[in-house]
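Enquirer: Here's the letter readout for the chains.
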Amino acid sequence: SSGGSKGSDNDKQDKENAQRQQAGISFGDAKDSTGPAAELPGAKPGGTITVLQRDSFAHLDPGQIYVSDEMALSQLIHRGLTAYKATSDDGKKHEVVGDLATDSGTTTDGGKTWKYTLKDGIKWADGSPITAKDVRQTFERLFAPFISNGPTYIQQWLANTPGTEYRKLLPDGPYKGKHLPDSVLETPDDKTILFKFKSAKPDLPYALAMAGYSVVSAAKDTKVKYDKSPMTSGPYKISEFKSGKTMTLVKNTNWDPKTDAVRHQYVDQFNIEFNKQFEDSTKAILDDSGANATAISFSNQVDAGNLTKVLADAALKNRTVSGYQPYVGQMNINLSQPEMQDKTVREAIAYALPITPFVRAFGGTDAMEVAGGLISPTVSGYDPKFDPFGKKAKPAGDPAKAKELLKKAGKTGLKLTFGYINTPEGQQYSTAMAAGLEKAGFDVQRQEIPAETYYDQVSKVKNNYDIFHTAWGADWPSASTVIPPLYDGRQIQDGSSNYSHINDPKVNADIDKANTITDPIKAAEAWNKINEYIVKDVVSNIPTAYYKQTQIAGSKIGGLAYDDVIGGVDPRRLFVK
Amino acid sequence: MTTLTKETGAPVPSDAGAFLSVRDLHVSFRTEDGMVRAVDGLSFDLERGRTLGIVGESGSGKSVTNLTILGLHNPKFTTVEGEILLEGQELTTARESELEKLRGNKVAMIFQDPLTALSPYYTVGRQIAEPFMKHTGASKKAAWDRAVEMLGKVGIPNPKERAKDYPHQFSGGMRQRAMIAMALVCDPDLLIADEPTTALDVTVQAQILDLLKDLQQEFGSAIIFITHDLGVIADMADDIMVMYAGGAIERGTTNEVLRAPQHPYTWGLLNSMPRLDSDLAAPLAPIPGAPPSLLNPPSGCRFHPRCTFQDRVGGTRCTDERPLLAPDRASACHLTADQKRTIFIEEIKPSLG
Amino acid sequence: MKEDLVLPAPREATADSSGDPLLVVEGLTKHFPVKGGFPIRRTVGAVQAVDGIDLTVHVGESFGLVGESGCGKSTTGRLITRLLEPTAGKISYRGKDITHASRKDLAPIRSEIQMIFQDPYSSLNPRQTVGKIISGPMEINGIEPTGGREARVRELLEIVGLNPEHYNRFPHEFSGGQRQRIGVARALALEPKLIVADEPVSALDVSIQAQVVNLLRKVQDELGIAFLFIAHDLAVVRHFSQRVAVMYLGKVIEVGDRESIYTRPRHPYTHALLSAVPEVNLAEETETGGRERIRLAGDVPSPISPPSGCRFRTRCWKAQDKCATEEPPLVRISGNHDGHLTACHFPEDPTIEARDEDIVLDPALAALEEGLNDD
Amino acid sequence: MLRFLLRRILGSFVILVLLTVVAFLLFFGMPRDPALLMCGKTCTPDALANIHHTLGLDKSIPEQFWIFLSGLVTGRNDFEQGPCPAPCFGYSYHTNEQVWSTLMDRLPLTLSLAAGATVAFLFVGLGTGLLAAWKRGSFVDKSFTAGSMVLSSMQIYFLGPLALAILVYQTHIFEEPDYTPITDNPAAWFTGLIIPWAVLSTIFAAQYTRMARSSMIEQLQEEHVRTARAKGMSGRYVFFRYAWRGSLIPIITILGIDLSSLLGGAIITEYTFGLPGLGRLAVESVQFSDLPLLLGVMLFSAAVILLCNIVVDACYAFIDPRVRLS
Amino acid sequence: MTSPIDIEGGGTSVVVDGDQQPKSKPEEAKQLEGRSPGQLMWIRFKRDRTGVISAYVVIFFFVVGLAAPLIAKLYGKDPYTVFADERPELFDSAGVPLQPNGGISGEFWFGLEPGNGYDVFTKLLYGIRNSLMISLAVTVATVLTGIVLGVAAGYLGGKPDQLISRVIDFLLAFPSQLFFIASMPVVVSLFVSPRDETPVYVRVVALIAVQWVLGWMSLARILRGTTLALREREFIEAAKVSGASPVRIIRREILPNVVTPILVQSTYMLPNFVTAEAGLSFLGVGIVEPTPDWGQMFSKASTELVMQNDITYMFFPGISMIIFIVAFNLLGDSVRDAFDPKTAR
Ligand SMILES: Nc1ncnc2c1ncn2[C@@H]1O[C@H](COP(=O)(O)OP(=O)(O)OP(=O)(O)O)[C@@H](O)[C@H]1O
Ligand SMILES: Nc1ncnc2c1ncn2[C@@H]1O[C@H](COP(=O)(O)OP(=O)(O)OP(=O)(O)O)[C@@H](O)[C@H]1O
Ligand SMILES: [Mg+2]
Ligand SMILES: [Mg+2]
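Residue numbers (the numbering used here), protein chains in the order written: chain F, 1 to 577; chain X, 1 to 353; chain G, 1 to 375; chain P, 1 to 326; chain V, 1 to 345.
Derived from the structure by calculation, the hints contain no laboratory data. Check the hints yourself; a few may be wrong.
To be verified - Label-pair distances were calculated between CB atoms; the ranges are: (1) V/Val140 - P/Gly235: 43 to 53 Å; (2) P/Asp58 - G/Lys104: 31 to 41 Å; (3) P/Leu107 - F/Lys460: 58 to 68 Å; (4) G/Glu144 - X/Gln339: 53 to 63 Å; (5) P/Asp58 - F/Val461: 20 to 30 Å; (6) G/Glu139 - P/Leu10: 41 to 51 Å; (7) P/Asp78 - F/Thr423: 29 to 39 Å; (8) F/Thr344 - V/Tyr201: 40 to 50 Å; (9) X/Lys76 - G/Pro145: 20 to 30 Å; (10) G/Gly45 - P/His53: 52 to 62 Å; (11) G/Gly37 - P/Ala146: 28 to 38 Å; (12) V/Tyr201 - P/Ala146: 54 to 64 Å; (13) F/Asp443 - V/Arg87: 44 to 54 Å.
Stated by the list, open to error - Cβ-to-Cβ under 10 Å is the rule here; a few derived chain P residues that face chain F: (14) Ala47; (15) Glu63; (16) Ala115; (17) Glu218; (18) Gln221; (19) Glu223; (20) Phe288.
Said to hold, decoys possible - Capping the alpha-carbon separation at 35 Å, the derived lysine-lysine pairs in DSBU-like fashion look like this: (21) X/Lys164 - G/Lys104; (22) V/Lys77 - G/Lys104; (23) F/Lys309 - V/Lys77; (24) X/Lys160 - G/Lys104; (25) F/Lys460 - P/Lys59; (26) F/Lys245 - P/Lys59.
Virtual Cβ for every residue (Gly too), placed ideally from N, Cα, C.
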């Protein structure tokens, strides 16, 4: 197998961390939710941190935030009703606590009605108080047409509809005088918010901790323009933003540490610079002189080219943090294509598909781990031993076996249209994967898809691709954010994430069943069962790799910790040594 | 070839006191196709205040000779042998800085095509003033005034304004006048005019020729006047030197050369020239054949392949031996002096009408 | 090189017995538009290159056209060969109006009017062999001479004094004079009746020039071809042409037979031209002033805005008010021989004998000479 | 001359308008829908139509074109993001920024890159070229000629990475290319751009060496240069006053072309050195099907090219009175 | 190398087939079969040692390109084999060859490409092949277009000339690289068939088409100028006086005379197209993996993976391209000199 010995040390630790998480995250009570957050050892205030980011922030409106770098930023500037709190100094244990709310939420009917009370003394950056009216605005505007990028869980739960039908509940958002009825969302006074769902939603505290559900000021809601200059509530506010170039964050004086159990405000200023490719940020931070000594990146990883070198050097490695990302890579077999409806063919693909090209393209075993199932190590229910097609043993594929299967099915020379993302990595791994599949006797037709519209293309119900690769990350550490959106056959429509168009009655039924389980451990088990069934019996999705990442910081950065929930460096606790 | 050069070796200098004295000059160019012997054993003298006319076919080495006097060759590709003495000063070996002092000052030049010979980038006045400043150390203002004065002298109307013009704003005749003004600005002792009127119309040519003659009287310079028009030379020159294939083949005063030419080539030239007063019944009598190649010139007398009088010499002298050009009135031909006289009077002159 | 031209007998009767003129040109005019203007470029004026000239060329005759540079000689030649479209006027060839004939209409006449050019270097296509060049016109006109084209080309080469074996050579292998002969051979290939020769010898050395002039004379005499011979060298024209026209600024100012023009010129300009020709005086010792000296002032005016009335008046020593207002017609004036026409209000005496004093019109020269005389 | 330049400027505007047409057509020929990109994950046909409407993509192409053109002149007020003063290229689909301000944002880097490199390569290239011409045939000349032949055959995408690998990553002599505005920190501006400058100017200088040399030698053979020598002017004077002036014409012609390509965004250079200038912007605009941005960059680059042409023409007039006075 | 022979009549800057040298060559006088200007050029060219050597180098590259499949066969590998999967022992998990110098060995002469581990030697061979073929095609297309439009504009003059000249002006104002990048996807999409891989030939055709559209103007301009100059020459008038049709004049009189500028320009254009094509592939809009291509190799070479771990790789495409371009440019200079010995360098 491919030589991945170098990273094994790392590996073990990553797994440990992940394991800890599987034990489950508790929902904190009022005490846990009371600020200020505990001081970090050695932390001192002051200093400026340079943040090197690849992509500019396209969205600052919480309702539009759904990508990891914006989510990282959101940790510093926006607040929501709940938040994850690191319960260990190394930032590796978590619980969900109340952020603006006094606790992580209370329910009296098994998760159908949730009640949140706002803390005292919480203010917007302009000094005005945050009230229940703002929270109402936050959720109602998510139904407006211009909100198109953020998460949709709570909207769907409130409207009790799948897909995008929720918008019918309040087509214009709150802007034309209509509001959500009290039967759905009730704000009896300035401090209290009540969510009312038709079915139990035990995951609500998790969902509310998503950056996408951070609060929006009702008074300052400028609709589309809010995306450029939002009203902030976190410990930092935006003092300057030049899209594509720089952003400066300075301390928000109206943020009261006593109201915040999860954030610190050590650093005076964050200077964020965009357009730094992974290579650029890595090189700058490795350089470690001047401003680079206090440089870090929220979401840039150590680039594939430097990764081996960095991990081999003890001094450098000290400045890195690594961990799993919540993503699982998988090759989707498009079940709508007539030729793909033959299970033997799908099995042949599963056996033949080499995983090594994928691992290689992203920097080797330090960056990718060959996957057995569809549930990530960061999610409850992960089973490291599950590997039905022997991918962990034979990551380069088993063309002989596949050939045999194809021969049996009489399908040699089958044309296989492989849509790949047109990035350098995509080109690299797709060619090698195609070569591997061809060894098994497929006639692979690679088709490039522009990177920018890749997911739009492959999520069309009528696409022409037989196989294509996607990755999905859990929105919170439960497989309930993985299995239903990806494999629920009733979700198939344009833009849905059921990419392989699997519509298996057993899977559908099992999903419904699992969704009602309130015990997290039992639920995790149920989800895992579905996962195994899909991989082994339906063979609609071939897991490829679990994403790992290594990030590096300048030597003067303190409080560096990898946060598995955020899926990267935790920006809330950084300080300058 | 070396032996040949020796044979044609320089005749004894007639008078060491000549103003300009060229002795056994050889100029050859290295080209891709071989050595071009553009000037091959040329000697002549020039007195102060006199005009030497050089005639000859295209490519006979007239221009090269004169450029060599000023040392205007690219030394990389050119070999110059022999002597050029200007008032006793040797020019072939002179340093570039010495030559610079001479050029435009003691020796000036007028080129054939005034359009290309004047820089398009500077005003006419400036181009005239430049050498004056350089050679006399005059101030900018003084030099400009001098330029205006010179332009007036050569007959440019309204010289003050026209000095500010660029060459392309001048007509052909005016350009040539400007060229002449430029050449004369430092009062040169020697003026070399290389076909100054070939590019001009007859009426303008007449103007320029008159101008040159008048100016010579005023300035008293010696002039070397190059042309291939015998009519022009008859008008201008005191002495004539006829060149053929890089060497002089006949020399004498204008009257001598035109009225009693001694060389078959000169006869040929006269015979082939249409004149306003010649007999119309007789056809022109051209020199047969074409000019020789300088890469590989004919042996012996360079003219022998085109000469109709070879048989009069007898033997193979014409093909083997290069005739010498004696000093003063002379021609380089193996015919005896008597033969030359009688052939001219009996055979040539009648046909000239 | 063969000097004795062995010419075969003329292929056709040399002259039309009728005696009608071969070519008649009436009021021929060519104006080239001058572009300018702002912001959109348009025609703002015209170069009046040729402005209403009348010519007649008879069968077998050599007609000379002289004048200074830019006076419209070439333009006239190119109009007659219909390389240019006339702006106005009429050209008739053998009674047929060809003023605006199209290429197709001209086809039958093309072979009868040919041209010889000035520049021996640019008039031959460097990429074609001599054989190709000379046989080109035959090919175009579909002429298949008896014995084949190649034989005919060899014959023609022989006629112009070139080695017929040079059939396969390229132009760059020939000297200027030889090239001009090739040009002549090409013109002869179609057995033309009229050859327009535009300064055919101007670019050549005297000795070579004489070879070519002789050749042309032979061709004309023996084949009976009419020539429109354009030149600026009066001496050459005299040697070649029976009748001569003098042009000035797009107009013919004097026309007549050789004798009249060279010995009895009437127009001041003709006088000036003749006196400007530098001459070798082969006669025994005489003073340089054997001939009158007329020095014209300045240059030819711009053809874009020529002077009113008589175009020569700006440089003429006889000019009076009338010259500015009234354009002199080209007529036979008293004292002229038959066929000698002059366009002048105040013609000179019909003589070129020495005058009392030189006429110097160049103010600068005048000043200089005065200065000299004072010394 | 002035009229000529004015006419050139008018002509340039016509060309720019035509170019806009072509760019428009090109864009609508692209197999992508920009609205889809903006629509995000939870896109519905309604939302898509809505975006189409707000972007004005539902109007006919000529109509859109007209709106765009008039916006350039008068500015526009019909954007959700706010008013957009003239010259209004609209708002970028991708970043929601005003295209004009984005262009102006990226311009300083491109300008710095072009200006620095130009100064360097002109200085070096013309210097060596003149020296080679002056010492024609000598060893210096031969080595310059050979050296420039090899260097000018190099490509930025080879020399650039090579220089980075050797000078930055292996030996750490220089810093990683990076752009700091000169107004912020001139020293950082300089050190950050030195490698791109060096690489660009090496390749360009080599071309200018060859060109300066050959055009100088050509000029030295001009007759008027010989006349100047015949007047007794010194070799150096003739070289620098007479020959030099004429040899500038071909050099300026090429300089105009080079400058316009540098100013319009040196795509490969910026790509190689990871510098976010106009070139990168251009690539991004294509990647993201960002019509306003694409049009902006295209028009801007074309305007730069045309401007350079006009400047070159003006330079001709400055150098050559024949041009000036006709 | 050429001496500045001072020949009468300076001649225009346009290289019309110059035969301004009246010098008769005595040794040729013996030959009855004349030598065409082309033959003379050939003789002159053969004397130019630099030119001949460059010609051999250029020919070598073309032979290598043509014979790439054969050479690869003899060598026993092809540029598509993913050695990182075939021979994993040679690579680490990120696909970097474990041996020093990019895994150069007796088996892999030029080493292995970091990433998928293609064999660099065969990749370079095929890369040269593909790049040269594309550039050659572009050159042919642009030259043909340039001839047709340039000669038409120059000869016809008037309205057609105006039109063509305006089009040239217009196209020259195009930011060409940007246009390439913007239009490549459009052109490719014109050919796309829904279920098949975008075939390599489509990309190739698109590359050729796009470069062609913006590539012909300079030659057309030169030819227009040359034709304009030629039109003034008297042999054209001679043909007209004989009644030749415009078609005949263009074919027989003009075209043979523009061969020189065409040849000279083409030798300068081809290497330019090679680098332009490489530049596009470098930017990722040209030829993409796994099709071997010179520019795509540069693209690979400039990735961090290669720069940090295997700098050797960069030198193979780099040096070979420099040699090729230098040789081609020298060849161009020699061809020009051979045609036009007047120009002294
Ligand atoms: N630099 C040079 N290199 C090679 N050959 C040269 C050079 N300069 C002149 N020649 C040759 O030297 C010969 C003499 O040239 P020169 O210019 O002196 O002739 P010329 O008598 O002035 O002719 P023309 O009347 O045409 O001006 C010619 O054959 C010419 O080709
Ligand atoms: N194609 C043209 N366009 C514009 N003007 C022209 C054109 N051809 C000739 N001219 C102008 O017409 C006038 C007459 O020209 P033409 O060539 O007929 O004179 P020429 O008498 O033959 O002169 P030369 O003796 O110099 O050959 C000149 O002023 C010339 O500039
Ligand atoms: Mg000469
Ligand atoms: Mg003429």
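Enquirer: Each hint should be assessed against the structure and marked as holding or not.
Expert: Results for each hint:
Between V/Val140 and P/Gly235 the beta carbon distance is about 47 Å. The supplied range of 43 to 53 Å therefore holds. For P/Asp58 and G/Lys104, the hinted distance range of 31 to 41 Å is not satisfied, since their beta carbons lie about 58 Å from each other. Here the CB-CB span from P/Leu107 to F/Lys460 is close to 39 Å, at odds with the stated 58 to 68 Å. Checking the proposed 53 to 63 Å range against G/Glu144 and X/Gln339 shows it holds: the Cβ atoms sit about 55 Å from each other.
Range check, P/Asp58 to F/Val461: about 24 Å between beta-carbon atoms, so the 20 to 30 Å window is met. As the Cβ distance of G/Glu139 to P/Leu10 is approximately 49 Å, the hint placing it in 41 to 51 Å holds. Separation of P/Asp78 from F/Thr423 is about 36 Å and conforms to the stated range, judged on CB atoms against 29 to 39 Å. A C-beta distance of roughly 34 Å is found between F/Thr344 and V/Tyr201, which places it outside the suggested range of 40 to 50 Å.
In this structure the hint that X/Lys76 and G/Pro145 lie 20 to 30 Å apart at CB is violated, the actual value being about 54 Å. With their beta carbons about 58 Å apart, G/Gly45 and P/His53 fall inside the hinted range of 52 to 62 Å. The beta-carbon spacing between G/Gly37 and P/Ala146, approximately 52 Å, falls outside the hinted interval of 28 to 38 Å. Taking 54 to 64 Å as the suggested C-beta distance range, the pair V/Tyr201 and P/Ala146 does not conform, at roughly 40 Å.
For F/Asp443 paired with V/Arg87, a C-beta distance near 25 Å fails the hint of 44 to 54 Å. For P/Ala47, the suggested interface contact is upheld, since its CB lies about 5 Å from the closest CB of chain F, less than 10 Å. Annotation: interface hint on P/Glu63 violated; nearest CB of chain F at approximately 23 Å, more than 10 Å. Look at P/Ala115: its Cβ only gets to about 20 Å from chain F, farther than 10 Å, so that hint breaks.
Given the 10 Å rule on beta carbons, the hint for P/Glu218 is violated: about 46 Å separates it from the nearest Cβ of chain F. The beta carbon of P/Gln221 comes no nearer than 52 Å to any beta carbon in chain F, farther than 10 Å, and the hint placing it at the interface is violated. Interface restraint check for P/Glu223: the shortest CB-CB distance to chain F comes to about 56 Å, outside 10 Å, so the restraint is violated. Hint on P/Phe288 holds. Least Cβ distance to chain F is approximately 6 Å, under the 10 Å limit.
Straight-line distance between C-alpha atoms of X/Lys164 and G/Lys104 comes to about 54 Å, which puts the hinted pair past the 35 Å bound. A threshold of 35 Å between alpha carbons decides the hint, and for V/Lys77 with G/Lys104 the separation of about 67 Å lies outside it, so the pair is violated. A threshold of 35 Å between alpha carbons decides the hint, and for F/Lys309 with V/Lys77 the separation of about 31 Å falls inside it, so the pair holds. With a C-alpha separation of about 58 Å, the suggested pairing of X/Lys160 with G/Lys104 is violated against the 35 Å cut-off.
For the suggested pair F/Lys460 and P/Lys59, the alpha carbons sit about 26 Å apart, so the restraint of at most 35 Å is met. With a CA separation close to 33 Å, the supplied pair F/Lys245 and P/Lys59 stays within the 35 Å bound.
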